[in-house]
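Asks: Each chain, letter by letter, is given below.
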Amino acid sequence: MRPLLHIPDGFLAPQVALGLWVATAVVIGIALRRIGQRGPAAASQTILMGLSGAFIFAAQMFNFPVAAGTSGHLLGGVLAGFLLGPWAGSVVMATVIGIQALLFQDGGLLALGANIFNMGVIGTLGGTLVARGIAATLGNARRATLIGVGVAAWLSVMAAAGFTTLQLGLSGTTDISIGLPAMLGTHALIGLGEALISVSAISFIAVSAPEIFAKSVPAAPTSPRRRIAAGLLIAGTTVGLASLFASTSPDGLEKVATDLGFINTSQAAPFELFASYSVPGFSGAAGTALAGVIGALVVLLLIVFLNRLASARKSS
Amino acid sequence: MLQRSSQRDARGAIVAALLTILGIALLPAGSYVVYALVWLAVATAGAASGYAPFTLARRGLIALPFTLAALPLIFIRGDELIWSGALGSAQLSISGAGLRIFLTAAVKSWISVQVGTILVRRYPIESIVGSLRALKLPDAIATGAGLTVRYVELLRGEASRMLRARSARSASPVGETRERIGGTIPWRAKVTGNLAGALFLRAYARAGRVEEAATARGAAGSLSLGSLIQPDARLLLKVLLALLAFTAITAAGALLPRV
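These protein sequence lines are chains A and B, in that order. Numbers 0 to 315, taken from numbering that gives the first Met the number 0, label the letters of the first sequence in order. Numbers 0 to 258, taken from numbering that gives the first Met the number 0, label the letters of the second sequence in order.
I should point out that these hints are in silico values taken from the structure, not numbers from a laboratory. Cβ atoms here follow ideal geometry from the backbone N, Cα and C, with glycine treated the same way. It is possible that some hints are incorrect.
Claimed, not checked - Which bits of chain B does chain A cover? Going by a derived footprint, with three or more residues having C-beta under 8 Å, they are:
#, stretch
1, 20-30
2, 209-216
3, 229-243
Said to hold, decoys possible - Chain A is faced by these chain B residues, among others (derived, beta-carbon under 8 Å):
#, residue
4, Ala40
5, Ala42
6, Arg57
7, Ile61
8, Ala62
9, Ser83
10, Ser108
11, Leu146
12, Arg205
Starting from the given sequences, assemble the full structure and let the hints guide the process.
Replies: Set out below in structure tokens:
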């Protein structure tokens, strides 16, 4: 099973492709500026980036069996981003995706901006920031880092698949309502392989070369506000994506009640805010995802409120 | 003196390829006559580069799996129905508009891949990277791409040797011949991750040696890898021809009939 993330030319509307070229150029421009600010270290960073690009190419040869005829293999965005830093990682992935398009015709030239945006910007830059956010939220210990990398690697594949489908939908070459669940469903498994390989690779490096691993973990302590923001982003993204897979079938009690014929004896709730996990004005998957995000926010606010209440009682 | 292939100026070809692909992307849906004409022109350019049309056409099929993304449009769009009926227990309909979008995307990607294939056939990747640098590709990307291209085979060789070692130790993928399969899925994933980790450490060590060698030779800052040594004297003419081709494709798309 191979990921369908390298969009060929002909599938994106020119305005979508060119718009994503501009967005990608802006982000990669910022990344290059950030790398350039490292002064004399920038030259050695560039050499490491070049060799890391070759590493990503070679590491994509590694696959592992999942089931008969199906194998997982590495995309490497979060791995590169975590080891080299989010900005350098995104430039490495941009280079790799560009060479793949030129050398192997794996992805189009006009669609290159979109492919770099999906895998290099969203997948690598975004994925690495999520990995670091999770690691910082959980305390930056080795286990926290590995959890962060695993979750981010899975999310990076899912986000790239989601963005790819949205761009195809905007271009009129796919139907989002059918394409999105199909792409996310397939890539959920691919993402699992990506997460397992990335975590194992980082774990191996942490044991074999602790000095390289230590360089990858940001030393600066994270403020509580940033931790909360990172937590919100992660919870929101996870809930939003997971909501798309919410079952529309009745739960266990409803099923039994229907089968035994006493479902009609149930009484309606006195009020309905988000009936059947949907938000008024939003239909389908968007409504379910929004309901999930609102639910997560309500739980967060409740926890904050209870925490403050407990603190106030303790101090009094 | 013979010009080394890695020093050739590919700027004109890159501009021509990009403009051709842009022209193809801008063609309206259902312009099958224009698609055929453009493919004939591309196949002619391919033949001039030593690519047999059939081989080139087969190479273009590389993008075929992606057409799956557009396939549902044939069956779910309700407009311009071509056929509707029952297929077993399922009710099925085929939309003319959906079919047109599907075929358009498939043909456009098929021709575009062939354009890219000809570019790489005519110019080695080192020339293309050097030409992109000359087209103002940022130094960090050009140097990084140059190093990636230079060391990719070396690291692929390392990866192949690691995979052979893994096969001998029973963690090989299902279905491959003469290889034993062992362990649980998480264990196999861990082995694969360990291989990736070990390969990164080798790449890291190699990067250190490259830097030492560069410093020893007096390099400071940019390595200027992938530089263009001899510019093409006919560059302007090639760019003008590329613009002419782009205009011709766009005009044909606007003037010739669509289905």
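Asks: For each hint, tell me whether it holds in the structure or not.
Replies: Hint by hint, here is what the structure shows:
no. : hint    : in the structure
1   : 20-30   : holds (count 5)
2   : 209-216 : holds (count 3)
3   : 229-243 : violated (count 0)
4   : Ala40   : violated, 16 Å
5   : Ala42   : violated, 16 Å
6   : Arg57   : violated, 12 Å
7   : Ile61   : holds, 5 Å
8   : Ala62   : holds, 4 Å
9   : Ser83   : violated, 18 Å
10  : Ser108  : holds, 4 Å
11  : Leu146  : holds, 2 Å
12  : Arg205  : holds, 6 Å
This entry does not satisfy hints 3, 4, 5, 6, 9, going by the numbered hints stated previously.
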